[in-house]
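Asker: Numbering (our numbering), first residue to last: 1 to 899.
Note that these hints are calculated values from the structure, not bench results.
You can trust all of the hints, since none of them are fake.
Computed list of lysine to any residue pairs in SDA-like fashion (alpha-carbon distance at most 20 Å, straight line): (1) K565 - R499; (2) K381 - S495; (3) K565 - S596.
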Amino acid sequence: MGIRPRDWPELAAPASAALIDPDPALLDATAVVEKLRTDPTFGLSVAEAARRLVVVGANDIESVPPAPTWRKLLAQFRSPLIYLLLAALIASLAVWVVEGAGDWPVDAVVIAVILVLNALLGYTQEEHAERAVGALARMAATSATVIRDGARHTVPASELVPGDVLLLAEGDAVAADARLLSSAGLELSEAALTGLSEPVLKDARTLPEPAALGDRADMVFKGTAVTRGTGRAVVTATGMSTQTGQIAGLVRTVDNEPTPLQREVARASRLLGIAVLVIAVVVIATIFVVFGIHSAHDAVTAVLLGVSLAVAAVPEGLPAIMSVVLALGMRRMAGLNAVVKELSSAETLGSASVVCSGKTGTLTTGEMTIVRVVTPLGEVKVTSAGYRPEGRLEHGGAPLGEGDDLWRQAALVLDGGAAGCDAALDVQDGRWTIHGDPIDAAFLVARGKLGDGPRPTPADVTTGDPDEVIGRCTHLQAGDRLAPLDASARATIRSDAERLALDALHTVAVACRSDGHLVYLGMVGITDPPRPEAAAAIAEARRAGVRVVMITGDHPRVAARIARKLGIEDGESAVSGAELATLDDEQLRETVRLHSQYTQVDPADKQRIIDALQADHEIVAVTGEGINDAPALKSADIGIAMGHTGTEVAREAANMILADDNFATIVQAIREGRGIFSNIKKTLRYLLSSNMGEIFTVFFGVVLAGAIGLSQGHTVALPLLATQILWINLLTDGAPALALGVDPHTEDVMDRPPRSVSDRVIDGRMWNNIIVIGAAVAAATLLTIHLYAPGGPLPSSLDTARTAGFTVLVIAQLINTINARSETRTAFHRFFANRWLWAAIGLSALLQVAVVQLPVLNTAFTTTPLSLSQWLVCIAVASTVLWVSEIRKLILRRWPSRP
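Turn these sequences into a full structure, and let the hints guide you.
Answerer: In structure tokens:
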């Protein structure tokens with residue numbers, strides 16, 4: 001059949017599935033071979049395969065083309081807050097030009113440096129994440145066995161071409177879509193593509209009519225795996241032409257939605273932009289009204305102060321601080337085996353209110369384990385879960401030895417189940433893995449727990465569903481006795497099978513041939529055990545107000561058992577895929593509010609569940625590993641792909657990758673995400689309340705100039721100069737704010753419910769804090785100016801009064817960093833927990849001392865040295881900000897509902 005190597009013609013067009021019309025599943029294998037111009041025995045020639053590879057391209061799933069470096073850097077500037085800072089930069093440069101472009105435009109330079117550093121930091125972290133994801137992809141790279149030039153060749157999967165004759169055996173990953181030419185007991189796991197958990201039996205016979213993907217028995221597909229048997233197939237499609245590639249192409253058309261943090265920062269930036277414009281206009285208008293403008297110099301001074309104050313109101317350090325906080329969070333998450341692909345996604349998990357998780361391999365170990373053996377002599381427990389062949393046989397809680405009849409009978413069952421299996425165990429770096437059918441592997445592992453001693457082994461073994469096996473058996477073996485399998489014995493065996501099934505165990509019966517009879521030996525109960533750490537992780541998630549929803553293709557009984565063991569309870573029964581199909585959108589929304597277990601679902605069901613949760617204003621995290629999971633991973637608020645078992649398509653669609661496939665890692669990442677958001681709020685609370693103090697100081701200093709001693713006749717002095725405001729902005733918005741952004745996470749971070757999508761980063765309570773603390777800072781500053789102003793209680797020069805007020809404003813803001821660490825807890829809680837914060841406070845205080853005491857800086861900032869007693873007064877007055885904050889926090893702790 002086919003064409004001999006010497007007759008190979010040149011293909012004029014790419015040899016792809018498009019050349020096979022109709023669907024190759026509906027064509028006879030001979031017709032497929034002829035259309036692809038290959039030979040089922042000799043395959044393609046090496047030269048022809050190389051030529052076709054040039055024509056059709058590599059057998060790879062195309063990822064999103066990597067953006068050039070310059071575009072990645074520019075992308076770091078796409079943020080409303082960045083736009084606001086760029087406006088502040090332009091305004092600062094304009095003021096510098098108006099003043100004569102003399103000395104360096106310090107504020108403009110600082111803002112520019114912050115913008116550049118922020119972009120470099122964001123770019124560096126995202127590049128690091130891309131490399132980590134790429135490393136995972138390379139780990140998953142596969143090879144394929146093909147016939148070329150009549151000989152077997154092992155080639156990289158990326159080099160397969162249409163027309164290649166593919167050899168399939170147990171443990172192989174199918175590297176391309178292919179039409180079967182022949183098969184022998186070939187079974188494939190297609191869960192990654194179709195979501196069906198049971199292996200699918202394949203057959204080379206042509207389909208009589210079109211069929212769904214999961215029912216195309218004469219086809220094998222890229223991304224699936226051979227669990228049993230052997231086969232030979234001709235490649236019909238590679239790369240993006242495969243079923244996997246088509247799904248990947250659809251996923252790439254889905255736009256990424258902004259994360260909750262991105263949405264909130266954009267909103268806050270818009271508010272700040274409006275506030276900055278209002279501040280500038282109001283301050284300039286107030287100066288015009290109160291002072292009067294008598295010259296061009298007066299007008300320039302008023303505009304300069306207004307713009308400077310507006311620039312000071314913008315927390316220019318916030319983008320860099322957010323990037324640092326997110327970057328450090330990404331690194332900590334990576335250390336926990338959670339690889340986050342983008343900075344903005346690092347916080348999203350902290351906002352998650354629902355985690356939709358698969359069962360196998362995430363909540364469970366993914367290792368099929370025989371835990372019970374039921375024989376005609378009695379029942380045996382097999383200890384130790386997982387693929388490590390360690391454990392023993394027990395009966396009634398006591399260990400069984402090789403001298404026990406029950407041990408020998410159980411050993412006969414396990415030896416029989418393992419005798420005909422083709423699975424293999426492998427250990428690398430202490431991790432045991434299997435190759436082949438998971439049920440076969442379960443028998444292989446259980447047999448390894450028996451030791452290597454001599455014992456009789458059964459021959460011509462049959463395994464399968466208990467009801468089917470006993471239907472064919474005529475006798476049973478009980479110890480050394482062979483007895484007829486009568487109706488009573490059959491009823492007992494069926495009762496045992498039902499009892500194991502009620503415990504959500506998968507049952508497999510074992511029989512063997514003896515003297516021409518098929519003899520029943522016993523049955524085993526198999527489970528995929530829950531991960532030991534999963535129950536504690538789910539309990540922590542529940543305490544944090546995060547719902548855990550299990551979505552699986554398994555039987556309801558199996559799912560219910562795992563749900564009970566892990567504590568996934570909702571007071572209602574599980575919902576099946578068939579039941580979901582009967583619900584309209586409104587009924588589904590009501591269902592997802594009540595139920596946390598979904599069984600026998602397909603990918604479309606999973607997507608509907610996620611859509612319904614999001615429509616109900618939940619922030620949804622979703623785990624997935626298969627190709628069919630990609631759409632759900634893409635549409636979720638945060639998609640989480642598996643690192644070990646996940647497919648390339650799933651990893652491409654996800655925001656985060658679990659390197660260890662462990663659900664507990666998700667909960668740890670939620671903790672980290674919440675800590676990130678908490679620190680961003682601390683930074684905002686500090687920056688905005690401190691900046692509000694500057695605004696109030698200038699505004700009320702002008703309005704109340706006469707009362708505080710800044711007005712003498714027709715001359716009114718400003719409470720702060722533009723250079724002093726810019727210095728305060730530089731000093732307090734830098735190191736202290738950054739140190740606050742890396743504050744250690746509080747121990748109660750998982751004791752609070754997740755924030756709602758309607759919650760604001762800057763909410764009513766924070767605005768209250770901003771105004772109260774801003775007013776306290778301004779009051780302390782203006783009081784100090786009044787103390788030392790000419791005619792005040794401690795009269796001195798105007799420069800001394802302004803210097804003292806300037807100093808109080810700086811010290812008060814440094815004290816405010818300690819206040820800002822918590823909305824309600826006293827500042828003295830874990831007072832010295834953040835050593836970086838204290839170092840930043842110390843550095844900033846030293847710099848302020850230098851500005852006040854050093855003559856060269858006195859000239860630059862129009863300051864005058866203060867005496868020791870004046871310094872002590874400044875510190876004492878500035879400390880009132882701490883006591884005002886403590887009183888406010890006490891009120892909030894006593895009456896939490898008050899604003």
